[in-house]
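Visitor: Chain order of the listed sequences is A and B.
So the first sequence is residues 1022 to 1327, counted in my numbering.
So the second sequence is residues -12 to 350, counted in my numbering.
These are calculated hints, taken from the structure and not from any lab test.
One or more of the hints may lead you astray.
[Said to hold, decoys possible] Residues of chain B placed beyond 10 Å of chain A at every Cβ, according to the derived structure:
id	residue
1	A3
2	P18
3	I39
4	E47
5	N124
6	R167
7	V184
8	K270
9	Q300
10	E327
11	P332
12	Q339
[As the list claims (entries may be wrong)] One side only, chain B facing chain A, incomplete, derived with CB under 7 Å:
id	residue
13	F(-6)
14	A(-5)
15	N(-4)
16	E72
17	L73
18	A74
19	L76
20	N77
21	D81
22	F83
23	N111
24	I216
Built from N, CA and C at the ideal position, the CB exists for glycine as well.
Residue strings, one per chain:
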Amino acid sequence: MEAATDYVCMWLDFYKATFTRLNGEDLFTLKGLGSLPKNEDVAMVWYRRKVASFPTRYKLKKENFDNQYVMDRFLNNEYDVLHNHLCYLIDKQKWLNDPATEDKLNKLSVLFLAKKLGLNIPHTEVLTDKRSLIELMQIYPQLIVKPLSECVLFSDNDGAYFKMLTEVISIRNIKAVPETFFPSLVQQGINKKFELRVFYLAGVFYAMAIFSQENKKTVSDFRNYDDKRPNRTVPYILPYEIENKLSHLMTALSFETGSIDLMVDREGNYYFLEINPEGQFGMVSHPCNYYLEREMAKVLTNKCSA
Amino acid sequence: MTYLNLFANCLLVKGANRSLICDLQLNKSYPISNGVYDILSFLKEHAIEDCIDKYGLVNEEAILSYVDFILYKELGFKDDRILEELAPLNLSWDNFSDITNVIIEYNENLNYDCQFIKQLFNLNVSGLEIRCYHSPNLEKLGAFLETFNGTVLNHIKLILPYSSDLNIKVLEKLIKKNLRIKNFLIHSAPSDTTFKVYKDSVQVIHFAQAINNCLFCGMIRSAYFTTNIELFTESQHHNTCLNRKLSITGDGLIKNCPSMQESYGNMLETELDNVLADKDFRKYWNLKKDDVAVCKECEFRYVCTDCRAFTEQTKKNNEGLDISKPLKCGYNPYTNQWDEWSTNPLKQKAIQNYGMQQLNRDA
Chain A
1022 MEAATDYVCM WLDFYKATFT RLNGEDLFTL KGLGSLPKNE DVAMVWYRRK
1072 VASFPTRYKL KKENFDNQYV MDRFLNNEYD VLHNHLCYLI DKQKWLNDPA
1122 TEDKLNKLSV LFLAKKLGLN IPHTEVLTDK RSLIELMQIY PQLIVKPLSE
1172 CVLFSDNDGA YFKMLTEVIS IRNIKAVPET FFPSLVQQGI NKKFELRVFY
1222 LAGVFYAMAI FSQENKKTVS DFRNYDDKRP NRTVPYILPY EIENKLSHLM
1272 TALSFETGSI DLMVDREGNY YFLEINPEGQ FGMVSHPCNY YLEREMAKVL
1322 TNKCSA
Chain B
-12 MTYLNLFANC LLVKGANRSL ICDLQLNKSY PISNGVYDIL SFLKEHAIED
38 CIDKYGLVNE EAILSYVDFI LYKELGFKDD RILEELAPLN LSWDNFSDIT
88 NVIIEYNENL NYDCQFIKQL FNLNVSGLEI RCYHSPNLEK LGAFLETFNG
138 TVLNHIKLIL PYSSDLNIKV LEKLIKKNLR IKNFLIHSAP SDTTFKVYKD
188 SVQVIHFAQA INNCLFCGMI RSAYFTTNIE LFTESQHHNT CLNRKLSITG
238 DGLIKNCPSM QESYGNMLET ELDNVLADKD FRKYWNLKKD DVAVCKECEF
288 RYVCTDCRAF TEQTKKNNEG LDISKPLKCG YNPYTNQWDE WSTNPLKQKA
338 IQNYGMQQLN RDA
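Work out the full structure: start from the sequences and follow the hints.
Guide: In structure tokens form, the structure reads like this:
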């Protein structure tokens, strides 16, 4: 299932809190609407995420790649209506993060809100033609292109998968860019020293620096380099000024939890990249010994007794 | 100026005659001389150039080779300053369960379907070791294992005596009944071998010696060292064997560890809460390696497990707790040599006290 959630539940047990865990998968064995949680029985809700994968897969009688896609989309939409119904069943203020606000979160507007609140962001544009791209390259020689929404996985008829990645565009590969293209997010490439993953929980920031492979200066003599080595992940203290601005951002979005991505460049400048309110905190908690599962359980129990 | 920044999860542990770099992320450790320890400690606050100034140009090559070692093993990186914002790792330790690990000396004539066991596993225990000194009825054992389905227990280690019927098929059948089984230790085996079963997910160790009573516990070997954040942080505050451990002996007695003298009642007649509230039951939980004679000067003290049941019986602290070195450790941190513990003349008195002479002759 979901390891971080498992641990939060065990900490809740330790604090002798009464709670119910509802997994997205549980909706597939729902015994009527009456068995959904009731508003009056609930003091506080933490929404972790929707569902890992549907426990059942429905096949069309006559296999067809395109129709299967339409079918999957339809089932997702069907599921969403039932799932979103939960958000309306329980009063808005009882949710640690309001799932409706989470749903409406717009990557672009969050970026500009962060900028308005004084945070640095990489220069951000949406472009549709090569000419403007070349013009922008005069100021920022290295640009990156990434989705406005989320990266998706493509699959073909043979079941092979293709993952969408962030692409770097510079004078070297500009040739491959068509004259005009679908409106695309283009950002200034940052010469990064390291990335920061920050988990925000009820006013407290838990930051982790990620030293990634591509950035490492290996001494040329050591050629037998093991590629499988993971990125180095270590605890980090954000400057007060950055924390302060991020606090304003979280307040403006009325989020009590969220995973924030930042980048630090070679000169030591901080850039805000994005927020994921669902908050994948397991990857920050363990390497930094932050016990975030315990802190989450504490926040939930404290808010209930308050 | 160039500075060497060591990553916060790469920690230096100084011993009497040698030190250890513990990489708590990649779970590796590297022995270094205490001279290198001093240089690396100096570099935590000073530039590489200043270090060369201090130790002299004759040592420049050596100092730079230590820096290269750190970079090569990715234990740190160079920068034009020490990055203060890279905070030290918080070494606190905590757990969501009052009892994290349980040892049961399995006796198929006991009734484990009792209140005490139910309450115990309701605490969200994560690890269980089931020791069978004699060949059990596998049907009965299987049924016992099934009682843990539905608990959050995630790791079961089964200790069984070797028998020719205990083939891979039988082991896998047991695993199927309870997927929490992650290790088998088969003692009295024809030879010492290790292999994996159940699609390589479960380790089986064949051990040539017999494990037919609890005198066999408490061995300290370098193969048992574990470099990870859990053990390293727990060992800063607690005993790395006994903390939050509860054992049930073959007689149904509740103990901290089966090899220890003190027992805290029979599981059929005792309330779990009373055991947990008993200060005596927890008396060794906070006795750290830093409190144990010899161990406190050993570079392996935070990657090693302890044993309080069998010690050299030479030292006690003010509270009457035994703080002598584990009996079955043959490592000498003052010489960095490993020797056979059982033939050490200084240990013979304790060996006799525990009645282990026979054991040694068998081994």
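Visitor: Does each hint hold? Answer for all of them.
Guide: Do the hints match the structure? See the list:
1. Against chain A, the non-interface label of A3 (chain B) holds: every CB pair exceeds 10 Å, the least being about 28 Å.
2. Separation of P18 (chain B) from chain A is adequate, the least Cβ-Cβ distance of about 20 Å exceeding the 10 Å criterion.
3. Under the 10 Å C-beta cut-off, the non-interface status given to I39 (chain B) relative to chain A holds; the minimum distance is some 19 Å.
4. Against chain A, the non-interface label of E47 (chain B) holds: every CB pair exceeds 10 Å, the least being about 17 Å.
5. Annotated as non-interface, N124 (chain B) keeps its C-beta farther than 10 Å from every C-beta of chain A; the closest such distance is 33 Å.
6. Here R167 (chain B) stays apart from chain A, with its beta-carbon at least about 14 Å from theirs, past the 10 Å limit.
7. Distance check for V184 (chain B) against chain A: the nearest CB is about 25 Å away, which clears 10 Å, and the non-interface claim stands.
8. With a least beta-carbon separation of about 23 Å from chain A, K270 (chain B) lies farther than 10 Å from that chain, consistent with its non-interface assignment.
9. Against chain A, the non-interface label of Q300 (chain B) holds: every CB pair exceeds 10 Å, the least being about 36 Å.
10. Residue placement check: E327 (chain B) keeps its beta carbon more than 10 Å from all beta carbons of chain A (closest about 36 Å).
11. For P332 (chain B), the non-interface assignment is confirmed: its Cβ lies about 43 Å from the closest Cβ of chain A, beyond the 10 Å cut-off.
12. Every beta carbon of chain A lies more than 10 Å from that of Q339 (chain B), the smallest distance being close to 44 Å; the non-interface claim holds.
13. The interface hint given for F(-6) (chain B) is met, as the beta carbon of that residue sits about 5 Å from the closest beta carbon of chain A, less than 7 Å.
14. Annotation: A(-5) (chain B) was flagged as interfacial toward chain A, and the flag holds, the nearest CB pair being 5 Å apart, inside 7 Å.
15. Given hint, N(-4) (chain B) at the interface with chain A, holds; its Cβ is 6 Å from that chain's nearest Cβ, closer than 7 Å.
16. The beta carbon of E72 (chain B) comes within 5 Å of a beta carbon in chain A, closer than 7 Å, and the hint placing it at the interface holds.
17. Checking L73 (chain B) against chain A: minimum C-beta separation of about 6 Å stays under 7 Å; hint holds.
18. Satisfaction of the interface hint for A74 (chain B) is found here, the shortest Cβ-Cβ separation to chain A being roughly 5 Å, below the 7 Å cut-off.
19. Taking 7 Å as the C-beta cut-off, the interface hint given for L76 (chain B) holds, the closest approach to chain A being about 6 Å.
20. A hinted interface residue such as N77 (chain B) counts as satisfied when its beta carbon comes closer than 7 Å to some beta carbon of chain A; here the least separation is about 5 Å, so the hint holds.
21. With a cut of 7 Å, the hint placing D81 (chain B) at the interface with chain A holds, because the nearest CB-to-CB distance is about 6 Å.
22. At its closest, the beta carbon of F83 (chain B) sits 4 Å from a beta carbon of chain A; the interface hint therefore holds under the 7 Å criterion.
23. Interface hint status for N111 (chain B): upheld, as the beta-carbon distance to the closest one in chain A is roughly 5 Å, under 7 Å.
24. Below 7 Å, beta-carbon pairs count as interface contacts, and I216 (chain B) has one with chain A at about 6 Å; its hint therefore holds.
Checked against the numbered hints above, the structure violates none of them.
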